[in-house]
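There are 4 protein chains.
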Amino acid sequence: MMSFPNSLLDGYRNFMSGRYADARDRYRQLAENGQNPTTLVIACCDSRAAPELIFDAGPGELFVIRNVANMVPPYEPDGHFHSTSAALEFAVQALKVKNIVVMGHGRCGGIRAALDPDAEPLSSGDFIGRWMSLVRPAAEQIGSNDVMTPAERQTALERVSIRNSINNLRSFPDIKALEEEGKLELHGAWFDISTGELWVMDSETLDFIRPEI
Amino acid sequence: MMSFPNSLLDGYRNFMSGRYADARDRYRQLAENGQNPTTLVIACCDSRAAPELIFDAGPGELFVIRNVANMVPPYEPDGHFHSTSAALEFAVQALKVKNIVVMGHGRCGGIRAALDPDAEPLSSGDFIGRWMSLVRPAAEQIGSNDVMTPAERQTALERVSIRNSINNLRSFPDIKALEEEGKLELHGAWFDISTGELWVMDSETLDFIRPEI
Amino acid sequence: MMSFPNSLLDGYRNFMSGRYADARDRYRQLAENGQNPTTLVIACCDSRAAPELIFDAGPGELFVIRNVANMVPPYEPDGHFHSTSAALEFAVQALKVKNIVVMGHGRCGGIRAALDPDAEPLSSGDFIGRWMSLVRPAAEQIGSNDVMTPAERQTALERVSIRNSINNLRSFPDIKALEEEGKLELHGAWFDISTGELWVMDSETLDFIRPEI
Amino acid sequence: MMSFPNSLLDGYRNFMSGRYADARDRYRQLAENGQNPTTLVIACCDSRAAPELIFDAGPGELFVIRNVANMVPPYEPDGHFHSTSAALEFAVQALKVKNIVVMGHGRCGGIRAALDPDAEPLSSGDFIGRWMSLVRPAAEQIGSNDVMTPAERQTALERVSIRNSINNLRSFPDIKALEEEGKLELHGAWFDISTGELWVMDSETLDFIRPEI
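Residue numbers (this note's numbering), protein chains in the order written: chain F, -10 to 202; chain R, -10 to 202; chain A, -10 to 202; chain V, -10 to 202.
These are computed hints drawn from the structure, not numbers from a lab. Errors might be hidden in some of the hints.
Copies of one chain are not kept apart here, so a pair can be met inside one copy or by any two copies together.
Listed next, the in silico SDA-like pairs over lysine to any residue satisfying Cα-Cα at most 25 Å (straight line) [stated by the list, open to error]: (1) Lys165 with His69; (2) Lys172 with Asp105; (3) Lys165 with Met137; (4) Lys165 with Asn3; (5) Lys87 with Ser133.
Nothing here was measured: the structure is a model prediction, and the numbers come from that model.
So that you can see chain F by itself, here it is in the shape it has in the complex (with noise of 0.2 Å):
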């Protein structure tokens, strides 16, 4: 018996006889010589935010990290299994990417968690309050003003938090290192479900702006 989602099945259909179908030796000479992408994107879980999708990439482009709120944990050499970490780890070391993007998005259920001061832990374990405290120091200073709406609060950690994952990648000795090489570069954007439109961060200022498109 073999019981595997057919709504999962009708796509994989329409990609053989779709993308597959035109890209078959791009494939091919992926698979042979191996991926060599020159970006890691560290995204969000979220069903309406892959970053394929959001910037249009093919097989072998991209590199992508997908957690709860894209974040970056801060560099723990401590034993334990750390599954960004070892990711960062892979794309900066064996892959040599030469950009990190940390994507964001609007309407965040991870970082509305961790606004709300009445979060109870989804379950005994807790996974998720855990890792949300990564920007509880942010959600604190935010949470704690009541002129701001609370989308406007929302919006405004989801930004802090890119800007708090960039400063934890600095906290990786290599990547720090890599950074001041000139030989990787640590980006920011923030994509807004609704509208579409794309925001990154300035490099200098660290403000999110509109990119001319």
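Following the hints, position chains R, A and V against chain F.
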């Protein structure tokens, strides 16, 4: 000064004039009502194996975790940051997904490293070494066999690792309970980058077979 | 001797040969019958944010108050001179406008000053310091946060100040009553000088959003 | 729900496709570098007398205060909110404008009210009554004369009020000092809504005359 990669901005322009323009109402509705995906896919960061491409999925359809070698660690409620466990908790408890698909692929760099007895740490943190130790027992069994070719050993471990992750999913009490209640299904899939073939795990035999297309 | 600025006289010549020549009858009729605008706009003195330009408004369309940071003080019937309150009274009671729009803008010098803890009085009278104290409580909340960038804090306060002014409008008994009777609507708007974007306040969430254009 | 007046959104569309599209670079530069207007215009809120239209002024050219009857109160550093004095202070001290133009116009409702002995307060706050008392002494002199027609009395007071405001400008110590140093010029102007005629005050005779066009 703003130095966002032009290749990404070019792709974004295509997205806005293409997919977004076509699905504007869908994006707005998803922003208004929030996401409601029924499927979580745990996939690899590999740039050649994006689930949205392989399953031709649109916005709102797939909640996606991506880490190296699409692995799930065992349940460890120890107060550390657990990127993958946090995302699992969010997908199962908050989004109440009905399906979890652990999706592996051929030519996986993480699995290759796990099979390489001479693999050196990629950095002093050795995050990848620690992360891939999740499949070390299986890697040692398969690696010690010298009758299978390297490619055969790698494909074998790629598939064993998917079953290993599905077993680890069941170490999460809530996931185990929901599966037993018939409210959540756990699936395995393996994608051949070269041929584009999708193989799915038979839920009874645990073999990987090619679905009828 | 008459030393009227030549730049203004040059502009006036353009007006006479252009807009006035085109709208001569409209001007005569407006002189005969008096003005009958249905909208009051409370805008900033800023030279970059003239409402007649942004709303492409002709003669007779907008009754306009302009002060620093487009603010409305609370109702204070204390017998002092109240420029803004007097104009409000005239617009609501004599002209019976149907809409009041509090229109802010980006890069507002007054708001920037309100956020600057080291701001010195501009003169011994310190009129600006006193005037901007209308938003001091909000400025202190937003200014105390050190995770948003200066530009983010300024945009946030520009929008909070618009809501603050709308609340102050409701401290005028007649405005409150007319609004409750459905005879007067209060609106907020924010103009981005750089991009030309107009954001309007959602009357329910109080968020600023971009209208369909 | 968002109920922003459609007439304004229509005008905004014209602005974006017209003036903004034509002056995009100018707006961006003004946003980057800040405003640097050399002229402050103190004009009436009247919908028929927008200085940007009459002087065909583009973005960044005029810093504009608009209150009822374009008046300047005397210097009163009493700690109350002074909308007009605050804007004056900002224009003179922060922007260092070179010209201040007090610009009146025909058919001014505020001046008419000041000349009406039977004028009732418009509301219990009587803000207009208090505000227009700035010209009461002149209004009583001119109103007591029964040989001029009502229209003649009104035009006369409109012009007297402009001179009165210019005298009040000189009650601000810094403005008086800058004018004496030749760093700031004070001007009067009067606009005839019906004919479009602009009359400017001769700085020696204080008469209003029509400039050579």
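A quick look at each hint next to the structure:
no.: 1; hint: Lys165 with His69; result: both (22 Å within a copy, 24 Å between copies)
no.: 2; hint: Lys172 with Asp105; result: neither (39 Å within a copy, 28 Å between copies)
no.: 3; hint: Lys165 with Met137; result: between (35 Å within a copy, 23 Å between copies)
no.: 4; hint: Lys165 with Asn3; result: neither (42 Å within a copy, 33 Å between copies)
no.: 5; hint: Lys87 with Ser133; result: neither (38 Å within a copy, 36 Å between copies)
Comparing the model with each earlier hint shows violations of hints 2, 4 and 5; every other hint is respected.
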